[in-house]
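Chemist: Spelled out from the first residue to the last, the chains are:
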Amino acid sequence: MKRHLISAADLTRDDALLILDTAEELSRIADRPIKKLPTLRGRTVVNLFFEDSTRTRISFEAAAKRLSADVINFSAKGSSVSKGESLKDTALTLEAMGADGVVIRHNASGAPHRLAGWVRGSVVNAGDGTHEHPTQALLDAYTMRRRLGDLDGRRVTIVGDILHSRVARSNVLLLNTLGADVTLVAPPTLFPVAVDTWPCEVAYDFDAVLPKSDVVMMLRVQQERMSDAFFPTVREYSRRYGLDARRLSALPEHAIVMHPGPMNRGVEIAAEVADSPRSTIVEQVANGVTVRMAVLYLLLGGSEPAIGGAARDGGDAARDGGDVSRGGAIRDRGDVSRGGDAIRNGGDASRREDA
Amino acid sequence: MSAASVPAHGSSPDSDVSHKTVLEAPDIRRALTRIAHEILERTKGGRDIVLLGIPTRGVTLAARLAARIAEVEGEPIPQGSLDVTMYRDDLRLRPARALGRTELPPEGVDDRVVVLVDDVLYSGRTVRAALDALNDLGRPRAVQLATLVDRGHRELPIRADYVGKNLPTSAREKVKVLLAEIDGRDAVVLEVPK
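Residue numbers (the working numbering), protein chains in the order written: chain P, 1 to 355; chain S, 1 to 194.
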């Protein structure tokens with residue numbers, strides 16, 4: 001059975017803990033003179049990036065290389081995609097080249113799910129539209145566990161543009177699996193429609209939640225979208241939902257501040273907060289490589305993957321992936337039906353968070 | 001070849017396997033004491049040695065050997081653990097498995113005499129993986145191998161420098177090493193399928 005990592009919901013508690021424990025052991029090789037393991041020698045990992053990314057692509061590339069896999073980087077710019085090639089034809093090309101693992105980032109929610117039905121290798125979702133970004137959630141959980149210990153019963157507050165955030169969705173699902181209590185905080189306009197079906201609390205008053213938080217995760221507000229009327233002004237947003245020094249001091253002593261990056265200093269997070277010792281922002285980037293090594297090892301290292309969910313048939317795609325056909329990038333859109341009870345992703349897939 | 005973990009009680013309710021205890025706790029104690037003395041003899045008083053156990057039970061055995069050597073010499077000796085999972089040649093034959101811990105003493109392994117410690121020596125493939133793993137960590141002056149049980153059936157040109165007990169077995173049999181720290185009691189058990 002071929003397995004993939006498409007949604008944080010694919011992971012059972014045991015899967016998630018296995019990834020975090022494996023990452024813990026792998027973090028030690030960063031201190032060694034030879035930062036390389038022979039484990040994936042002769043295996044090929046393709047980084048398929050249809051959307052711009054620095055952090056995530058470099059992180060996956062470093063992870064695959066540290067495990068001795070051959071890495072092929074593909075970006076939509078400068079490829080046949082700009083000549084009009086469909087995702088499916090691109091997938092068949094990869095298949096012909098014998099990719100053992102495909103890491104995909106796409107601006108359409110559900111693209112990794114479709115890809116999983118077309119290729120034999122394991123598919124790892126590196127961010128699809130406004131849907132999910134499971135490895136980001138894993139590295140966030142790993143960072144929290146390193147700073148705070150066991151996540152059971154920990155209170156995590158995620159603040160900002162929940163509506164367009166794949167990071168928020170993956171984090172809610174994974175943290176719930178790991179036993180943490182998640183509270184989402186945002187202006188009412190920045191919540192997805194069906195947020196009440198998510199396994200978390202919803203709040204509008206940031207200050208009231210602060211003293212009860214072990215972790216505060218700030219999400220980026222995309223200034224390029226400020227013309228949309230999600231909130232009156234950046235200053236007002238910042239005043240009500242930004243993390244400044246005053247709010248930092250309202251947090252419990254042990255609480256940490258996270259941000260998946262890229263951040264807008266002075267909007268959702270003040271510069272002095274981002275640079276404070278309680279911020280894990282730089283740590284998160286370093287932990288990203290380790291966690292992605294663990295994921296690649298567990299998916300590709302053995303005779304069969306040790307984690308992740310099996311590819312489901314097309315019928316589930318609508319529920320799982322949200323509005324694929326709206327993203328417009330998948331050409332054979334007839335394949336993806338839109339389920340009536342789909343979890344609404346709440347927005348046009350092209351407006352996504354960049355983390 | 002590391003022995004898989006078994007329940008602390010010696011005989012399983014499983015009736016198509018018979019269990020024979022080959023070494024009891026005092027036998028294991030004596031074997032480790034002898035190995036400790038042999039290591040001291042061969043390395044001229046344990047100069048520059050580092051004991052590295054292969055998880056899981058090799059680490060426990062390395063700790064016991066280190067304690068015995070310290071008793072005799074009056075000085076603690078560096079010890080650690082060396083996980084070989086990522087270096088195994090049979091990774092692709094089984095699902096990916098959880099990793100053990102690699103922890104080197106602060107002295108490192110460069111220019112030292114590394115004594116690898118494992119519970120059972122069988123095909124020799126674990127030791128081959130350990131040599132590869134060691135190669136990525138530094139350059140020891142020499143590498144030696146200590147094992148509690150040598151059960152034969154080598155598939156690679158590898159031999160142990162220190163052996164607790166040579167145990168002729170057939171390939172159908174299984175050798176299980178139980179240690180008090182992990183399994184609640186000390187014993188080496190031979191499982192013979194009927």
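Calculated directly from the structure, the hints in this document are not laboratory data.
Yeah, the Cβ is synthetic: ideal placement off N, Cα and C, and Gly gets one too.
One should not assume that every hint holds.
[Said to hold, decoys possible] Simulated restraints, written as ranges between beta carbons of each label pair:
#1 S:154 - P:82: 56 to 64 Å
#2 P:147 - S:165: 53 to 61 Å
#3 S:135 - P:304: 26 to 34 Å
#4 P:58 - S:185: 44 to 52 Å
#5 S:184 - P:265: 34 to 42 Å
#6 S:110 - P:147: 27 to 35 Å
#7 S:182 - P:266: 48 to 56 Å
#8 S:185 - P:205: 15 to 23 Å
#9 P:149 - S:180: 22 to 30 Å
#10 P:147 - S:26: 30 to 38 Å
#11 S:180 - P:147: 55 to 63 Å
#12 S:154 - P:12: 53 to 61 Å
#13 S:180 - P:32: 46 to 54 Å
Chemist: Does each hint fit the structure? Answer for all of them.
Modeler: Verification of the supplied hints:
{"no.": "1", "hint": "S:154 - P:82: 56 to 64 Å", "in the structure": "holds, 58 Å"}
{"no.": "2", "hint": "P:147 - S:165: 53 to 61 Å", "in the structure": "violated, 47 Å"}
{"no.": "3", "hint": "S:135 - P:304: 26 to 34 Å", "in the structure": "holds, 29 Å"}
{"no.": "4", "hint": "P:58 - S:185: 44 to 52 Å", "in the structure": "holds, 51 Å"}
{"no.": "5", "hint": "S:184 - P:265: 34 to 42 Å", "in the structure": "violated, 56 Å"}
{"no.": "6", "hint": "S:110 - P:147: 27 to 35 Å", "in the structure": "holds, 33 Å"}
{"no.": "7", "hint": "S:182 - P:266: 48 to 56 Å", "in the structure": "holds, 54 Å"}
{"no.": "8", "hint": "S:185 - P:205: 15 to 23 Å", "in the structure": "violated, 58 Å"}
{"no.": "9", "hint": "P:149 - S:180: 22 to 30 Å", "in the structure": "holds, 29 Å"}
{"no.": "10", "hint": "P:147 - S:26: 30 to 38 Å", "in the structure": "violated, 47 Å"}
{"no.": "11", "hint": "S:180 - P:147: 55 to 63 Å", "in the structure": "violated, 35 Å"}
{"no.": "12", "hint": "S:154 - P:12: 53 to 61 Å", "in the structure": "violated, 40 Å"}
{"no.": "13", "hint": "S:180 - P:32: 46 to 54 Å", "in the structure": "violated, 32 Å"}
Against the hints set out earlier in the document, violations occur for numbers 2, 5, 8, 10, 11, 12, 13.
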